[in-house]
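So the chains spell out like this:
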Amino acid sequence: MIEFFKRLFGPSDSGATAKQRLQLVLMTDHLALAPEMIDAMKRELVEVISRYVEVDRDKVEVDFERHDHALAMMANVPILGVARPSERPSERPQERAPEAASAEPVAPEAVPAGPAPLQQRKRRKKAQRAPA
Amino acid sequence: MHERQLEIEEAVVPAARGRAIVITSGKGGVGKTTTTANLGTALAMRGARVALVDADIGLRNLDIVLGLESRVKHHLLDVIEGGVTLEEALVPSKYNESLVLLAAAQHREKDEVPTEAMTALIERLRERFDYVLVDCPAGIEHGFRNAIAGAQEAIVVCTPEVSAVRDVDRVIGLLGNRFKPQLIVNRLRPQLVKRGKMLSVEDVNAILRLPLLGVIADEPEIIITTNKGEPLALRRDGATGAAYHAMAAKIAGEDVEAPMVEVRESFFGRLGAFFGGKA
Numbered sequence: 089m090i091e092f093f094k095r096l097f098g099p100s101d102s103g104a105t106a107k108q109r110l111q112l113v114l115m116t117d118h119l120a121l122a123p124e125m126i127d128a129m130k131r132e133l134v135e136v137i138s139r140y141v142e143v144d145r146d147k148v149e150v151d152f153e154r155h156d157h158a159l160a161m162m163a164n165v166p167i168l169g170v171a172r173p174s175e176r177p178s179e180r181p182q183e184r185a186p187e188a189a190s191a192e193p194v195a196p197e198a199v200p201a202g203p204a205p206l207q208q209r210k211r212r213k214k215a216q217r218a219p220a
Numbered sequence: 148m149h150e151r152q153l154e155i156e157e158a159v160v161p162a163a164r165g166r167a168i169v170i171t172s173g174k175g176g177v178g179k180t181t182t183t184a185n186l187g188t189a190l191a192m193r194g195a196r197v198a199l200v201d202a203d204i205g206l207r208n209l210d211i212v213l214g215l216e217s218r219v220k221h222h223l224l225d226v227i228e229g230g231v232t233l234e235e236a237l238v239p240s241k242y243n244e245s246l247v248l249l250a251a252a253q254h255r256e257k258d259e260v261p262t263e264a265m266t267a268l269i270e271r272l273r274e275r276f277d278y279v280l281v282d283c284p285a286g287i288e289h290g291f292r293n294a295i296a297g298a299q300e301a302i303v304v305c306t307p308e309v310s311a312v313r314d315v316d317r318v319i320g321l322l323g324n325r326f327k328p329q330l331i332v333n334r335l336r337p338q339l340v341k342r343g344k345m346l347s348v349e350d351v352n353a354i355l356r357l358p359l360l361g362v363i364a365d366e367p368e369i370i371i372t373t374n375k376g377e378p379l380a381l382r383r384d385g386a387t388g389a390a391y392h393a394m395a396a397k398i399a400g401e402d403v404e405a406p407m408v409e410v411r412e413s414f415f416g417r418l419g420a421f422f423g424g425k426a
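Chains V and L are the protein sequences, given in the same order. All residue numbers for the first sequence refer to this note's numbering, where the first residue is 89 and numbers rise by one. All residue numbers for the second sequence refer to this note's numbering, where the first residue is 148 and numbers rise by one.
Honestly, the hints are just simulated from the structure, not real lab data. Remember, predicted model here, so these are calculated numbers, not experimental data. Incorrect hints may have been included.
To be verified - Here are some chain L residues the structure puts well away from chain V; computed CB gaps all over 12 Å: (1) ARG166; (2) ARG196; (3) VAL309; (4) GLY320.
To be verified - Taking lysine to aspartate or glutamate and the EDC-like style, the derived pairs with C-alpha atoms no more than 20 Å apart in a straight line are: (5) LYS220/L <-> GLU256/L; (6) LYS327/L <-> ASP365/L; (7) LYS344/L <-> ASP101/V; (8) LYS241/L <-> GLU256/L; (9) LYS341/L <-> ASP101/V; (10) LYS341/L <-> GLU308/L.
No residue lacks a Cβ here, since even glycine has one placed at the ideal position from N, Cα and C.
Could you put the whole structure together from the sequences, leaning on the hints where they help?
Given below as C-alpha cells:
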C-alpha cells in the first residue's frame, strides 16, 4: 500500500529527494573536513564510557556509515572489564551521597516553608476583606 | 615628464577605492559569467564605473556574453607581464560608456598568473572604478584562489541542484571569514518548485544560510540575449532584467526590499503564495 502511494506521489517528490540527498552529502562532506572534531568526539566518548566500564582505549573505532536516507555513527568500543556493582568506581556514589545527605535535612525545612506563603496569602486576603 | 604625469594621475585618483567583488560558485555552468555581465551592466546603468575581469584564464567567455569578442586585443596576462598598459587592455562596452572588460588570456594557463600579480591588478582597477567584478573560474584550484585574492566581497551563484549547492557549500568554507558572501539563486524554475520537483530557494538557503541577494528564473530570454551578446540587464522592463537591477541597487547599498518583492510578485507570485502556505 505504501509502495503504491510512493509510486503514485514519488515522481513529484524528487525535490524532496534532492533535499534529503543534499543534507546527507553535506553532513558527510563536513565530517570529512573536520577530522579534529571527530578525534575530539572520540576522546570524549571514551572518557564518558570509561567512567562506567573499563575500555580498551587503543582499539576504539568510530566510523560514519551512510545509508540511503540517513547518516549513522558506528562506534566499536571493546570493553575489558565490568566491575561488580559493589566494586564500582566510588566516584558515582560519592557524587550522589552529598546530594542525598543534604536533601534529607533540607526537606523537612522546605516542606513547612512551602505552605507558609499560602497561609500568608490567605491571611492577607482575609486582611484585605476585613476592612471591606 | 613621466614623473609629472604620475603626479597628475595620483591627484585625479579619488581617495575612496572601488569595491572588488568576486562572482564564484565552485561548480561550472551555473551562470557565473552571465551573472557577472548582467550585474556589471546594471551597476553601470546606475552610473557607476564598472570593470569586469574575466579570471577564467584559458577559457575566455565574458567577452562573448558582452558581445565584445571581436574587440578584445589584449588580455589580463598582457597587462600583468607588462606588455601593454591597463588602459590599452580595457575594452569599453558597446552599450555603456562606464563599463569596461578586461578579458582573460585564451591561450594560456591559470598557473601562469601569480596570485600577487592578480591582487595588484585588482588594486589598480579599484583605483579607477567603483566596482570591479571578477568572474571566477569553476573549480577550487589556483584559478579560484587568484580570482578571490584581490576581492573584498563575494557573490556566490547557485542553481537549485544538489551538485551546485554542495559545491557552493564547499566554496563558502574555502572563502572563510574574510568575505561576507551573498547568494544568488540562478535558473530557478518556479513551476517545478511548485510541483515539488525542484529545490526551492528556501531549501537551498536552509543549507547555505547566506544573505539572499536575488533570485533569477530560468528564462529563455537569457539564452537569447547571450546568443546575441547583449546582456539582458540592458532592458529594465522584463522581470529578469528588473531582478538584476534590483540586485545592483542592493549591492549599491539601497534598501530595495520593496522592488525585490515586486519582482517576485510578478514573477514568482504564485511561488510566494506556495512558500507562505507551506510555512
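Review point. Which of the listed hints are broken here?
Key: Of the numbered hints given earlier, those the structure breaks are 3, 4, 6, 8, listed in rising order.
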